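Under the working numbering, the final residue of the sequence shown carries the number 830; numbering is consecutive throughout.
Don't take every hint at face value.
Within a straight-line C-alpha distance of at most 20 angstroms, the following computed EDC-like cross-link-like pairs (lysine to aspartate or glutamate) qualify [said to hold, decoys possible]:
#, residue 1, residue 2
1, K650, D700
2, K546, D55
3, K605, E239
4, K667, E551
5, K89, D712
6, K89, D105
7, K438, D394
8, K389, D377
9, K790, E660
10, K240, E342
11, K597, D157
12, K329, E342
13, K598, E295
14, K708, E779
15, K543, E434
16, K140, E115
17, K140, D712
18, K761, E779
19, K334, D228
20, K91, D101
21, K91, E779
22, K622, E610
23, K312, D290
24, K597, E115
25, K761, D712
26, K546, E239
Pairwise CB distance ranges, derived in the manner of DEER restraints [to be verified]:
#, residue 1, residue 2, range
27, I146, E434, 49 to 57 angstroms
28, K493, T740, 47 to 55 angstroms
29, E434, D465, 51 to 59 angstroms
30, D392, R696, 46 to 54 angstroms
31, D656, L803, 55 to 63 angstroms
32, D392, E697, 46 to 54 angstroms
33, A337, S259, 44 to 52 angstroms
34, E310, A337, 33 to 41 angstroms
Source of the hints: derived by calculation from the structure; they are not laboratory data.
Values in this document were obtained by computation on a predicted structure and should not be read as measured data.
By construction, the Cβ of each residue, glycine as well, lies at the ideal position given by its N, Cα and C atoms.
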Amino acid sequence: MSTRREFIKQSALFSSGLSFINAMPASIQRAFDIVAPEGTTFLDAEHIVFLMQENRSFDHCFGTLKGVRGFNDPRAMKLKSGMPVWFQTDAHQDIYGPFRLDIENTKVTWMGGLPHSWRDMVGARNDGKMDNWLIAKRPGHKEYRDMPLTMGYFSRADIPFYYALADAFTVCDQHFCSSLTGTSANRSHFWAGAIRENPKDPNSVAHVDNGQINYQDVSWTTYPERLEKANVSWKVYQNELSLPVGLSNPEEDWLANFTDNNLEFYKQYNVRFHKAHYDYMQFELAKLKEGLKSKDLTEDKIEAIKNGIQGIEADIAKYSPEKFEALSEFEKAIHKKAFATNTEDPDHHKLTKMTYVENGEKKTMDVPKGDIFYQFRKDVDEDKLPMVSWLVAPCNFSDHPSAPWFGAWYLSEAIDILTKNPEIWKKTIFILTYDENDGYFDHVAPFVPPLSTDKQMGKVAKGIDTQDEWVTKEQERIRTNKPDSQLASPIGLGYRVPMIIASPWTRGGWVNSEVLDLTSTLQFLEYFIEKKTGKKVIEENISTWRREVCGNMTSVFQPEQDLRNVDLDFVDRDQYLARIMSAREKKVPGGFNKFGQREVLGSKHWTLLSKFPKQEEGIKPSCALPYNLQVNFNVAASKTQLQMDFIVESNQLKNKVYSAPLQVYDMMNQSDQSRGIWDFAVRDREPMDYYWNLVDKYHFDVHGPNGFYRSFKGGSNSLGVYVEFLVDTSLNISIRLKNNSSKSKHIIIKDSLYLKKEEVITLSSQKEVIVKWDYTNVKGWYDIILNCKEDLDWQQQFAGHIENGKASITDPFMASLSK
Numbered sequence: 012m013s014t015r016r017e018f019i020k021q022s023a024l025f026s027s028g029l030s031f032i033n034a035m036p037a038s039i040q041r042a043f044d045i046v047a048p049e050g051t052t053f054l055d056a057e058h059i060v061f062l063m064q065e066n067r068s069f070d071h072c073f074g075t076l077k078g079v080r081g082f083n084d085p086r087a088m089k090l091k092s093g094m095p096v097w098f099q100t101d102a103h104q105d106i107y108g109p110f111r112l113d114i115e116n117t118k119v120t121w122m123g124g125l126p127h128s129w130r131d132m133v134g135a136r137n138d139g140k141m142d143n144w145l146i147a148k149r150p151g152h153k154e155y156r157d158m159p160l161t162m163g164y165f166s167r168a169d170i171p172f173y174y175a176l177a178d179a180f181t182v183c184d185q186h187f188c189s190s191l192t193g194t195s196a197n198r199s200h201f202w203a204g205a206i207r208e209n210p211k212d213p214n215s216v217a218h219v220d221n222g223q224i225n226y227q228d229v230s231w232t233t234y235p236e237r238l239e240k241a242n243v244s245w246k247v248y249q250n251e252l253s254l255p256v257g258l259s260n261p262e263e264d265w266l267a268n269f270t271d272n273n274l275e276f277y278k279q280y281n282v283r284f285h286k287a288h289y290d291y292m293q294f295e296l297a298k299l300k301e302g303l304k305s306k307d308l309t310e311d312k313i314e315a316i317k318n319g320i321q322g323i324e325a326d327i328a329k330y331s332p333e334k335f336e337a338l339s340e341f342e343k344a345i346h347k348k349a350f351a352t353n354t355e356d357p358d359h360h361k362l363t364k365m366t367y368v369e370n371g372e373k374k375t376m377d378v379p380k381g382d383i384f385y386q387f388r389k390d391v392d393e394d395k396l397p398m399v400s401w402l403v404a405p406c407n408f409s410d411h412p413s414a415p416w417f418g419a420w421y422l423s424e425a426i427d428i429l430t431k432n433p434e435i436w437k438k439t440i441f442i443l444t445y446d447e448n449d450g451y452f453d454h455v456a457p458f459v460p461p462l463s464t465d466k467q468m469g470k471v472a473k474g475i476d477t478q479d480e481w482v483t484k485e486q487e488r489i490r491t492n493k494p495d496s497q498l499a500s501p502i503g504l505g506y507r508v509p510m511i512i513a514s515p516w517t518r519g520g521w522v523n524s525e526v527l528d529l530t531s532t533l534q535f536l537e538y539f540i541e542k543k544t545g546k547k548v549i550e551e552n553i554s555t556w557r558r559e560v561c562g563n564m565t566s567v568f569q570p571e572q573d574l575r576n577v578d579l580d581f582v583d584r585d586q587y588l589a590r591i592m593s594a595r596e597k598k599v600p601g602g603f604n605k606f607g608q609r610e611v612l613g614s615k616h617w618t619l620l621s622k623f624p625k626q627e628e629g630i631k632p633s634c635a636l637p638y639n640l641q642v643n644f645n646v647a648a649s650k651t652q653l654q655m656d657f658i659v660e661s662n663q664l665k666n667k668v669y670s671a672p673l674q675v676y677d678m679m680n681q682s683d684q685s686r687g688i689w690d691f692a693v694r695d696r697e698p699m700d701y702y703w704n705l706v707d708k709y710h711f712d713v714h715g716p717n718g719f720y721r722s723f724k725g726g727s728n729s730l731g732v733y734v735e736f737l738v739d740t741s742l743n744i745s746i747r748l749k750n751n752s753s754k755s756k757h758i759i760i761k762d763s764l765y766l767k768k769e770e771v772i773t774l775s776s777q778k779e780v781i782v783k784w785d786y787t788n789v790k791g792w793y794d795i796i797l798n799c800k801e802d803l804d805w806q807q808q809f810a811g812h813i814e815n816g817k818a819s820i821t822d823p824f825m826a827s828l829s830k
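Given only the sequences and the hints, what does the whole structure look like? Please build it.
Structure, rendered in structure tokens:
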């Protein structure tokens, strides 16, 4: 166990740090230095350890991290105003962009969180337009109401430990939370794959609010139950539960699990048999009986005490140790494993005072007296760690904005414990993830399903019914008992949140850009357990759409011999927790980046604006992905419609059925009355098409995973040129052009970002030409624009990365876009 002095030194560093970047945290250095035996793969692991922290969006944490799709994203979606999505408008029509939240010189980490529930999550997304963040996520605290805090972000200077971890291992920049909700619905996806009692029944009420789940005895099957039935070892570690056990409010913040173990809310786990809760009820009963002896009680007070006694006595009788022993062996087993607490540590319910110096003055603060990792540490030290483990942190270590950001100590300590014995780490996969984004902005619109009963919303592959992934207006009225409710929305995906996978098979500072969500961890366990044990432990609650669109995380891992090293910054460990404590009295954040629309639209590129955040320069190795996407757009044969053709050809990862999610935006027609957005899920090797009526002028943008982008502009007179854009696994691009008009056309083909090449093709009437360009030297990254000299309205743009089943590099144009 760490000493109190070590705790203070580590916590302070991991929450602040800044100008002292010259030494990598020892826990990361040790983990990075441990390699698995030569020739092994992730399937040789024996332990999977999950830590799900709280309420941070990807841009909020990693928007400035080198190599990820952050603030330098050259293909960020555009708002209906024409401005990039970064530039949000508030209720006063003021425009704000991202600004840095200085964790050391402002009190931001002491200011609490932002709205983060179903209604404001749906409101910020605004039916996919992504233009309502400043209004939907307006701070609830009176003092901060007019601050654009949703646009705030942290940098390496603020949270160096997290950046060092991402540099050492693999970060996922297309990882989304599961639902447009707060904590409990997302954690139910994490542990159970769904949020309905009957997961595949769209008329079964969707539990999108915390209050529908927390201690409500919900009962749909969870994945740990399936593990138990399959005799696969598992355990959930926490210092103490959130069920009342007699802790004071300060003690709960440091010692209880912050209601982050959703298994407490499932009827089948019988949480009220928890011994600490039973002992607490006995204590409360004795206290009430003693209080009844007072001679100063009114009749109403006496009646209230008697009712309290009656209720507690009933609970004591119902949840007695004898009744627990009468449960089935299965029920007792899942209870004990779900609620593993540190009961063997005599101090696990106690705090102690810590003295520190702030501005020359001695001050004190509460810290845990016991070891909040006691049971986890013991199991690791004794080599008794199960195959699947979940860690659940107390509030003050959860990374939740309602608490100061001490959580990096918890993360570091978990890694310290696992790497203390290199033989344990050599067979361990550690996965850090987050449940939701709180109220913090992220620029990537989450992929969502169209409602399969409404053909005007888009299209999904054959056999997919998305009704179980939606809350319709009628269902929302029933759910809320508000007959005038107008809210209707897909349940998810929610916004991007951080995910880092640390293991001997994810070393080297990689970036993974496969679409993942919280149920991807369950899909990973399904695959891993079957390959490891031969047992099929399937989470049947996951919807078909979600299962096909979200990966199973196998793309994250590299064979040990394929790993490459990465230059890492080192972080000094000598700073004090007092640095964060002292920020309590600092000023509130300021320096908000306010912009004018002309300023933004008049800039050559928004990243060149002096007030816009600068993303770290450079590239990282990137994982192979299953998306070889093709999207083409032409006037249909009828000449009265526009036709978009989709095809996905996966060249690797043949361990599941994949559908690629895509979003199509009508950039000419988005308003409160017109949605102008369509969602698609295109299954591997199942071509799909979709049609729009031909109009005088059109402009459609298409967004997909990992910066995949298409843009098609033209009008009713743009009927002459047929284009078919194709990529192949040898990193070549072929552009088939055919002139169907009666006049010659001159087509300008240009890639000014990657290949730095331009070619003019003369197409006489009815002539067909195929142009081939080799993208090997730029690792498959492309951004090609086609223009026609004879038709200035017509333009087609094709951008993205060619996937061929092999590892590559992150977007090199993003690497230096801030220059």
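Results of checking the hints against the structure:
With a CA separation close to 16 angstroms, the supplied pair K650 and D700 stays within the 20 angstroms bound. In summary, the hint linking K546 to D55 is supported, as the alpha carbons are separated by about 16 angstroms, within the 20 angstroms threshold. For a cut-off of 20 angstroms, the pair hint linking K605 to E239 is broken: about 54 angstroms separates their Cα positions. Restraint check for K667 and E551: satisfied, since their Cα atoms lie roughly 15 angstroms apart, inside the 20 angstroms limit.
Taking the CA atoms of K89 and D712, the gap is near 9 angstroms; set against the 20 angstroms cutoff, the hint holds. Distance restraint check for K89 and D105: the Cα-Cα separation of roughly 18 angstroms lies within the 20 angstroms cut-off, and the hinted pair is therefore satisfied. For the hint pairing K438 with D394, the CA-to-CA distance comes to about 11 angstroms; that is within 20 angstroms, so the pair holds. A C-alpha spacing of about 25 angstroms is found between K389 and D377, which places the hinted pair above 20 angstroms, so the restraint is violated.
A hinted pair counts as satisfied when its Cα atoms are at most 20 angstroms apart, and K790 with E660 qualifies at roughly 19 angstroms. With a C-alpha separation of about 11 angstroms, the suggested pair K240 and E342 falls inside the 20 angstroms cut-off, and the hint holds. For the given pair, K597 sits about 19 angstroms from D157 by alpha-carbon distance, which is consistent with the 20 angstroms threshold. For the suggested pair K329 and E342, the alpha carbons sit about 15 angstroms apart, so the restraint of at most 20 angstroms is met.
Proposed proximity of K598 and E295 is contradicted: the alpha carbons are some 43 angstroms apart, above 20 angstroms. Taking the CA atoms of K708 and E779, the gap is about 25 angstroms. The hint is violated against a cut of 20 angstroms. For the hint pairing K543 with E434, the CA-to-CA distance comes to about 19 angstroms; that is within 20 angstroms, so the pair holds. Taking the CA atoms of K140 and E115, the gap is near 34 angstroms; set against the 20 angstroms cutoff, the hint is violated.
For the hint linking K140 to D712, the alpha-carbon distance of about 13 angstroms falls within 20 angstroms, and the restraint holds. Under the criterion of a C-alpha separation no larger than 20 angstroms, the hint pairing K761 with E779 is consistent with the structure, at around 19 angstroms. Between K334 and D228 the CA atoms are separated by roughly 18 angstroms; this keeps the pair inside 20 angstroms, and the hint holds. A C-alpha spacing of about 15 angstroms is found between K91 and D101, which places the hinted pair at or below 20 angstroms, so the restraint holds.
Of the pairs offered as hints, the one joining K91 and E779 is violated, with about 36 angstroms between alpha carbons and a cut-off of 20 angstroms exceeded. Our distance criterion of 20 angstroms between C-alpha atoms is met by K622 and E610, whose separation comes to about 11 angstroms. Simply put, K312 and D290 have alpha-carbon atoms about 25 angstroms apart, too far for the 20 angstroms limit, and the pair is violated. Of the supplied pair hints, the one linking K597 and E115 holds, its CA atoms being roughly 8 angstroms apart against a limit of 20 angstroms.
Distance check on the hinted pair: K761 and D712 sit about 18 angstroms apart at the alpha-carbon level, within 20 angstroms; holds. At roughly 12 angstroms between alpha-carbon atoms, K546 and E239 fall within 20 angstroms of each other, so this suggested pair holds. I146 and E434 have their C-beta atoms about 54 angstroms apart, which keeps the hinted 49 to 57 angstroms range intact. For K493 and T740, the hinted distance range of 47 to 55 angstroms is satisfied, since their beta carbons lie about 53 angstroms from each other.
With their beta carbons about 55 angstroms apart, E434 and D465 fall inside the hinted range of 51 to 59 angstroms. Between D392 and R696 the CB atoms are about 49 angstroms apart, so this pair conforms to the stated range of 46 to 54 angstroms. Between D656 and L803 the CB atoms are about 25 angstroms apart, so this pair departs from the stated range of 55 to 63 angstroms. Against the hinted window of 46 to 54 angstroms, the Cβ-Cβ separation of D392 and E697 comes to about 51 angstroms, which satisfies the hint.
At roughly 34 angstroms, the beta carbons of A337 and S259 sit outside the given window of 44 to 52 angstroms. The hinted range of 33 to 41 angstroms is satisfied by E310 and A337, whose Cβ atoms lie roughly 39 angstroms apart.
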